[in-house]
Structures are given as structure tokens and as C-alpha cells.
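Enquirer: Sequence:
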Amino acid sequence: MTSLVIADHDGTHLKPGVTSTVAAAQKIGGDIHVLVAGSNCAAAASAAAAVTGVSKVLVADAAHYAGGLPENIAPLVVGLAKNYSHLLFPATASGKNIAPRVAALLDVAQISDIMAVESPDTFVRPIYAGNAFATVKSGDAIKVITVRATGFDGAAATGGTAAIESIAAGADAGVSRVLGQELTKSDRPELAAAKRIVSGGRGLGDGDKYRAVLEPLADKLNAALGASRAAVDAGFVPNDYQVGQTGKIVAPELYIAVGISGAIQHLAGMKDSKVIVAINKDPEAPIFQVADYGLVGDLFTIVPELTKAL
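Using the working numbering, read the sequence shown as starting at 1 and increasing by one per residue.
Treat the hints loosely; a few may be bogus.
Said to hold, decoys possible - Here are the simulated DSS-like cross-link-like pairs (lysine-lysine), alpha carbons at most 27 Å apart as the crow flies: (1) Lys209 with Lys56; (2) Lys220 with Lys281; (3) Lys137 with Lys220; (4) Lys308 with Lys281; (5) Lys137 with Lys185; (6) Lys195 with Lys308; (7) Lys82 with Lys56; (8) Lys27 with Lys137; (9) Lys82 with Lys137; (10) Lys220 with Lys274; (11) Lys56 with Lys96.
Quick caveat, the hints were computed from the structure, so don't treat them as lab data.
Between the sequences and the hints, there should be enough to build the whole structure, so can you do that?
Expert: What follows is the structure, given as C-alpha cells:
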């Protein structure tokens, strides 16, 4: 029994969900290989080889794999699939884009967003926005799985000594290409991997107040900034700040929710956080049902006082 983890990377670094996906593969058992497909991706392959528990890294380096185009990577994975019992993808935008194509080409059922492994063929995944959990048993010979990173403590990113093997690249499908990317750059920790997150909601009023109130607190805590869907839809911040079922799923050590009422889709994205602090003027706000600590009052008074006290 051997598992293949399909790495999500930027050519140089692995994305945070990869080590959690390797940890899920360790729960399944057997050997673990990692596929790194990209253009000029030697650094990412070296990073994958250093992950504890990985025995081999397969590298497919070609220009048409730049940007992680699923139309090209999915056939590559399908070509390798016969050698593996499990194909695991991080439940990131990239993984969710490629995995369904692979499952369809293999004519198997995808098992999405697993949070626990009970046996090599039985997995636990959330349903109903995380309010219930389904135990799923698969009879497929090859299991295609996406892994929710917050469900597994990531494998150590250093200490591994996996062999690196170059493999032949597949043909360019020629149906899509990357024209460019506009990426948000920040000195703050990446939201999906941050240990501390300060999130703001519609209660902050507008983008200027969001930044004026939350940035000093985030600076003091060396925290990432997040937001509710309502704040993103209102244009306070870009959509890559969004935490929730339709945004990023996070589980930091500390999550501070400011002016967030606690809609079910937001709670689905952050309720596994270790410590949750809620600040809201409405004592009946749903966010207080999942909060470890709650402060009822005017956030424009409470947050500056909290920042000053740190």
C-alpha cells in the first residue's frame, strides 16, 4: 500500500496544507510518495524531500505545468495512479481544482475534506457546514482524497531524506495557459498557516476603520488579518482575507473575532481554533456560542484598549 501526495507549491515553497496531507497519509499507513509538478520547481522538490515520513519525491518539471494548471496536471496524476492505493490532495484551491478531474478520469468517487482516518478505507469528513460528521467507507481500488489541513497536525517539514526522482512530463493539453498573476503581498503571516488571527466583520463599518482598528492589534500579536464574508462583500478587504466555508478554513492557536456576528458559514471556517475571543456589541450574537472569551461592548473602545494593554 502506497500513497501519493500531490504537492501544492509556488515553485520554491510548499503550501502549508502539504505537511498536513502527509500526516493524513501517515495515518493511512504504507509508503508515502510526493508528486511535485511545476516549472523550475527543484526548490519545492527539495522541500518535499525534507518532510518527515516521505520516502520518495517524483518531479515533473515542464513549462506547461507552470501555475499548476489542472488540465495538464490531472492527466499526469492519472498516469501515475495505477501504482498507488491512495491519491491525496490538500483541500486548497489547487487541490479542489485537480482532485475532481482525477476522480472523474479514474471513474471513482472522491472523498472530500477528510478530518480523520479510521482505517485505510474509512474516513471522517464534515457535512452541513461542519455541524455533523460523516464516516465514509470506500470500496474503490484507488481512493482520491482531499485533506482538510486543520484536521491533522502537519508532519515535520525538516528531518526527512527522501529520494528525488525525475519523471517524464505529460503532453501539454493546450487548452489553457497562465497569462499572469496578481498576488497580495504582506509582511504578516499567511492566513491559512497563522498561529494567531485577528478577523473583522461588518460591525467595523468600512475598510478604513477595519485597518485603523485591527492592524495595530494584529501588529502587537504578529497575527494574520482575516474577515467575514460580509466584510469582504462590502469591500473592506480583498477576498483572500475571507475566513469561512466559502473562504479559508483556519484553526489557529488564537482567533479574535471583532464585529463578527457569527453566521454559520463563518463558524464553519474557524470554530476549530484553540482559543476564540469574540468582541461584539450584541450579547445574543451567535459568535459567543463558540467563543472561549467574550467581550460585549463597543469594539471601537474595547479593541484600542486591548491593543494598548498588550
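Enquirer: For each hint, tell me whether it holds in the structure or not.
Expert: Do the hints match the structure? See the list:
1. Lys209 with Lys56: Violated, because 49 Å separates the two Cα atoms, which is more than 27 Å.
2. Lys220 with Lys281: The hint holds at about 23 Å.
3. Lys137 with Lys220: This hinted pair is violated, its Cα atoms lying about 46 Å apart.
4. Lys308 with Lys281: holds (20 Å)
5. Lys137 with Lys185: violated (41 Å)
6. Lys195 with Lys308: holds (21 Å)
7. Lys82 with Lys56: holds (16 Å)
8. Lys27 with Lys137: holds (15 Å)
9. Lys82 with Lys137: holds (20 Å)
10. Lys220 with Lys274: holds (19 Å)
11. Lys56 with Lys96: holds (24 Å)
Consistency note: the structure conflicts with the earlier hints numbered 1, 3 and 5.
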